[in-house]
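**Student:** Protein chains in written order, with the UniProt record's numbering: chain U, 1 to 470; chain Y, 1 to 470.
Since the hints were derived computationally from the structure, they do not count as laboratory data. Just so you know, even glycine gets a beta-carbon here, dropped at the ideal spot from N, CA and C. Treat the hints with care, since some could be wrong.
Chain U stretches covered by chain Y per the calculated footprint, using a threshold of three residues with CB under 8 Å from any CB of chain Y [said to hold, decoys possible]:
| # | segment |
| --- | --- |
| 1 | 102-115 |
| 2 | 186-196 |
| 3 | 418-426 |
Number of protein chains: 2
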Amino acid sequence: MSSAPSSPSSAPVIAELEAIVGADKVRCDEDTLFSHGRDWTKAWEPAPLAVVFPRSAEEVQAIVKLAKRESLAIVPSGGRTGLSGGAVAAQGELVVSFDYMNKISDFDPIDRTVQCQAGVITEQLQHYAEEQGLYYPVDFASAGSSQIGGNISTNAGGIKVLRWGMTRDWVAGLKVVTGNGDLLELNRGLLKNNAGYDLRQLFIGAEGTLGLIVEATMQLTRPPKNLTAFVLGVENFDGIMNLFNRFQAEMDLTAFEFFSEQALQKVVAHSGLPRPFESACPYYALLEFEKLNDEVEEQAMALFESCVEEGWVLDGVMSQSLEQLNNLWRLREDISETISQWTPYKNDISTVISKVPGFLQDVEELVTAEYPSFEIIWFGHIGDGNLHLNILKPDDLDKAEFFAQCSKVSVAVFDIVKRYGGSVSAEHGVGLLKKDYLTYSRSAEEVALMRQVKQVFDPAGIMNPGKIFD
Amino acid sequence: MSSAPSSPSSAPVIAELEAIVGADKVRCDEDTLFSHGRDWTKAWEPAPLAVVFPRSAEEVQAIVKLAKRESLAIVPSGGRTGLSGGAVAAQGELVVSFDYMNKISDFDPIDRTVQCQAGVITEQLQHYAEEQGLYYPVDFASAGSSQIGGNISTNAGGIKVLRWGMTRDWVAGLKVVTGNGDLLELNRGLLKNNAGYDLRQLFIGAEGTLGLIVEATMQLTRPPKNLTAFVLGVENFDGIMNLFNRFQAEMDLTAFEFFSEQALQKVVAHSGLPRPFESACPYYALLEFEKLNDEVEEQAMALFESCVEEGWVLDGVMSQSLEQLNNLWRLREDISETISQWTPYKNDISTVISKVPGFLQDVEELVTAEYPSFEIIWFGHIGDGNLHLNILKPDDLDKAEFFAQCSKVSVAVFDIVKRYGGSVSAEHGVGLLKKDYLTYSRSAEEVALMRQVKQVFDPAGIMNPGKIFD
Numbered sequence: 001m002s003s004a005p006s007s008p009s010s011a012p013v014i015a016e017l018e019a020i021v022g023a024d025k026v027r028c029d030e031d032t033l034f035s036h037g038r039d040w041t042k043a044w045e046p047a048p049l050a051v052v053f054p055r056s057a058e059e060v061q062a063i064v065k066l067a068k069r070e071s072l073a074i075v076p077s078g079g080r081t082g083l084s085g086g087a088v089a090a091q092g093e094l095v096v097s098f099d100y101m102n103k104i105s106d107f108d109p110i111d112r113t114v115q116c117q118a119g120v121i122t123e124q125l126q127h128y129a130e131e132q133g134l135y136y137p138v139d140f141a142s143a144g145s146s147q148i149g150g151n152i153s154t155n156a157g158g159i160k161v162l163r164w165g166m167t168r169d170w171v172a173g174l175k176v177v178t179g180n181g182d183l184l185e186l187n188r189g190l191l192k193n194n195a196g197y198d199l200r201q202l203f204i205g206a207e208g209t210l211g212l213i214v215e216a217t218m219q220l221t222r223p224p225k226n227l228t229a230f231v232l233g234v235e236n237f238d239g240i241m242n243l244f245n246r247f248q249a250e251m252d253l254t255a256f257e258f259f260s261e262q263a264l265q266k267v268v269a270h271s272g273l274p275r276p277f278e279s280a281c282p283y284y285a286l287l288e289f290e291k292l293n294d295e296v297e298e299q300a301m302a303l304f305e306s307c308v309e310e311g312w313v314l315d316g317v318m319s320q321s322l323e324q325l326n327n328l329w330r331l332r333e334d335i336s337e338t339i340s341q342w343t344p345y346k347n348d349i350s351t352v353i354s355k356v357p358g359f360l361q362d363v364e365e366l367v368t369a370e371y372p373s374f375e376i377i378w379f380g381h382i383g384d385g386n387l388h389l390n391i392l393k394p395d396d397l398d399k400a401e402f403f404a405q406c407s408k409v410s411v412a413v414f415d416i417v418k419r420y421g422g423s424v425s426a427e428h429g430v431g432l433l434k435k436d437y438l439t440y441s442r443s444a445e446e447v448a449l450m451r452q453v454k455q456v457f458d459p460a461g462i463m464n465p466g467k468i469f470d
Numbered sequence: 001m002s003s004a005p006s007s008p009s010s011a012p013v014i015a016e017l018e019a020i021v022g023a024d025k026v027r028c029d030e031d032t033l034f035s036h037g038r039d040w041t042k043a044w045e046p047a048p049l050a051v052v053f054p055r056s057a058e059e060v061q062a063i064v065k066l067a068k069r070e071s072l073a074i075v076p077s078g079g080r081t082g083l084s085g086g087a088v089a090a091q092g093e094l095v096v097s098f099d100y101m102n103k104i105s106d107f108d109p110i111d112r113t114v115q116c117q118a119g120v121i122t123e124q125l126q127h128y129a130e131e132q133g134l135y136y137p138v139d140f141a142s143a144g145s146s147q148i149g150g151n152i153s154t155n156a157g158g159i160k161v162l163r164w165g166m167t168r169d170w171v172a173g174l175k176v177v178t179g180n181g182d183l184l185e186l187n188r189g190l191l192k193n194n195a196g197y198d199l200r201q202l203f204i205g206a207e208g209t210l211g212l213i214v215e216a217t218m219q220l221t222r223p224p225k226n227l228t229a230f231v232l233g234v235e236n237f238d239g240i241m242n243l244f245n246r247f248q249a250e251m252d253l254t255a256f257e258f259f260s261e262q263a264l265q266k267v268v269a270h271s272g273l274p275r276p277f278e279s280a281c282p283y284y285a286l287l288e289f290e291k292l293n294d295e296v297e298e299q300a301m302a303l304f305e306s307c308v309e310e311g312w313v314l315d316g317v318m319s320q321s322l323e324q325l326n327n328l329w330r331l332r333e334d335i336s337e338t339i340s341q342w343t344p345y346k347n348d349i350s351t352v353i354s355k356v357p358g359f360l361q362d363v364e365e366l367v368t369a370e371y372p373s374f375e376i377i378w379f380g381h382i383g384d385g386n387l388h389l390n391i392l393k394p395d396d397l398d399k400a401e402f403f404a405q406c407s408k409v410s411v412a413v414f415d416i417v418k419r420y421g422g423s424v425s426a427e428h429g430v431g432l433l434k435k436d437y438l439t440y441s442r443s444a445e446e447v448a449l450m451r452q453v454k455q456v457f458d459p460a461g462i463m464n465p466g467k468i469f470d
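Whole structure, please, built from the sequences with the hints as guidance.
**Tutor:** Have a look at this one:
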């Protein structure tokens, strides 16, 4: 762990930081450096210079100006639930944490918008929306600890993208401090604003490399009514796609997820939840929709039956209560946590939906042929073309050796991604983990332009350097 | 009109252009220079050097490289239906027209996406979608002649934004040629792609100042079912807002438009359409929704009745057929064409919805006090906070003098826009018309950053120079 903070050379900077935020909001103790110097990837050893906890946009601006003057790299720190190392501080950087900027304010029931400081927890916003009779639809497993600023910086996706889109779609305005120390108010909550380039869009998904998000105007919407889910057992992947097309053509689905029998078995064993039905099927699809009235229910049942008749669906169950709905969702949502005990190597890849079956088959053939001893757990968001490929570590394999072997698999997987015109990072971002593979999804010209765009907003190169690209 | 093309100095460039696209696809005749050197603003005298009609991305790329070498300014030319002068070529520029790049291809029923060359007409895409049993929801008065490339470059809005968003929301991929001559394929139709900055977003709404859009992957969706509209007569603007809130809280509206009695009178006189009902009211709201079943209809009627009881609604009518729906829509959609005979001075301004009543009142008081002889026609998209303020030219006032006086009004109107944190261009873009007022909606720092971003993509400054900013 870093001992930089106690070195004499950093003392004046620490003193200046303390002058900005107060002595109790600059931390150099080992626990804080460790906790705030890494994210969920755990692959890099945290070694920040210090962790600073501003409480206002003005304090953030003063910190950035100081960092710029001192050529001190900044790593923005939200809930640190990222899976690509975007929030890792392993090079003596200054971590700027938004833990104390967690106020929600200025709710307007007509605009259905609300101001969130960057450190507002996703679940906090979801609950706040509920209290207003509204809904914040972006949801994922880490909603209990991820922060809005981080969600925006990584354009977080999750389980409801099919109907409600990514975080990008819910950002009506952004207050940011650029790497140059400018405080910008981008779009200010307007639904329609074609007055010049929409710079807000650049900061969404930029992983903190252009500046720091300090506040966001988030859009809320009406809550869904009577959400209802099917879990359907399917013979093969073509069946899942047929099923998706049949339902999608007739109904407004709110989610369409899938997982494999292996995934289900592990979740059932881990959670004690009942299987959705007796029969074991190679794959399962979870479909969700709003059961607005009896007509919709009848329509859904008729579609289900037609899919059984076609031979696409082997068995199925529909939730009849909120409790059943939640239990069916847990079969899908608990996968990530359940398999974490096997030290999974995660891939978050996508292609256009129509190419998913061939894409999945090619990836599976590759991994099975090259690494027959690795167990593969598939799950993901079919409705978005986003697959999560999880390779489990065999018990008898050393962790370092396992990851080294998986890195080789990754290159081969990304070759397939490239051939399918897909993305090496569908929703987790690039961070440190994927930056060597960025060119599998983006051309050399695009990467060169990204670097130049970064130069515009962060001329001193202090904003989360080494993330996305070197 | 320009005689530049016949000048000896331009002859070699013309010859090179002819070598790229063929002699018949470079035009220097007066008619083409005139028609393709301006948009619907008609305020600037067209004077392009030549108009070139490429037929492929490669030809566009060759044209841009030639223009860069020759420091020749390029003006992209779509359907030229813009209202801010974005497609005006008044300075000897080379106009690049997409009239011959109008192919739709590669429709995929699973992805519900389709490739459109930049010159595809909006209505062509709408009809194509219908033929596939799908829907392209962006719609506006000029859909019969505007082109997709232009729609994307101006992030076109229109009458269905409340439910389906702006053009931005339907662009799944973009093929562009930057001002540097690079051909970029941005996002390639992926629903989820968090691999680096989303450069696609920058080109949307950039009005051709960063490069030329040559092709787009457009997202389609399921068609709406049984669209049904109310036209409701309202006493005052607070009533319209109350009405909006009441309906919006209970139903998924597909549109919420408004217009004034003056606007209605002019449309009725011009079109011969019947008034929606006998009584004359100061304002009218047009609400649209999907009448999915009897339950929805009953709900809509109950809401209507509660709004009458509250005193917000004075009278109303609901469409009972597609023909009635279309006739009610014409009361709103025909306004622009109808008032064109009065040489209107148009403003396209927005604020957040909750501030619309005060905003509208302040603007109306200003214009009425300063210019009592001017007739004002209000209409717009309440659901998006977007108002169109149209000032009609008195018959006895000279056109030049009228526009000079209106420009003074504009400054005062934009002061109000600024005070309300609104936009000086909600959906028409900045072009030439609004560039002097850009700072009423964007900070000096933002404008400086925009210039630098332009420099990245267009280092020679040849892409639509002088549009958005100087």
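**Student:** Next step is simple, just say for each hint if it's right about the structure.
**Tutor:** How the hints compare with the structure:
1. 102-115: n = 5 at 8 Å, threshold three: holds.
2. 186-196: With 10 residues in contact (Cβ-Cβ under 8 Å with chain Y), the coverage given for the segment 186-196 of chain U holds.
3. 418-426: The restraint on the segment 418-426 of chain U holds, since 6 of its residues have a Cβ under 8 Å from chain Y and three suffice.
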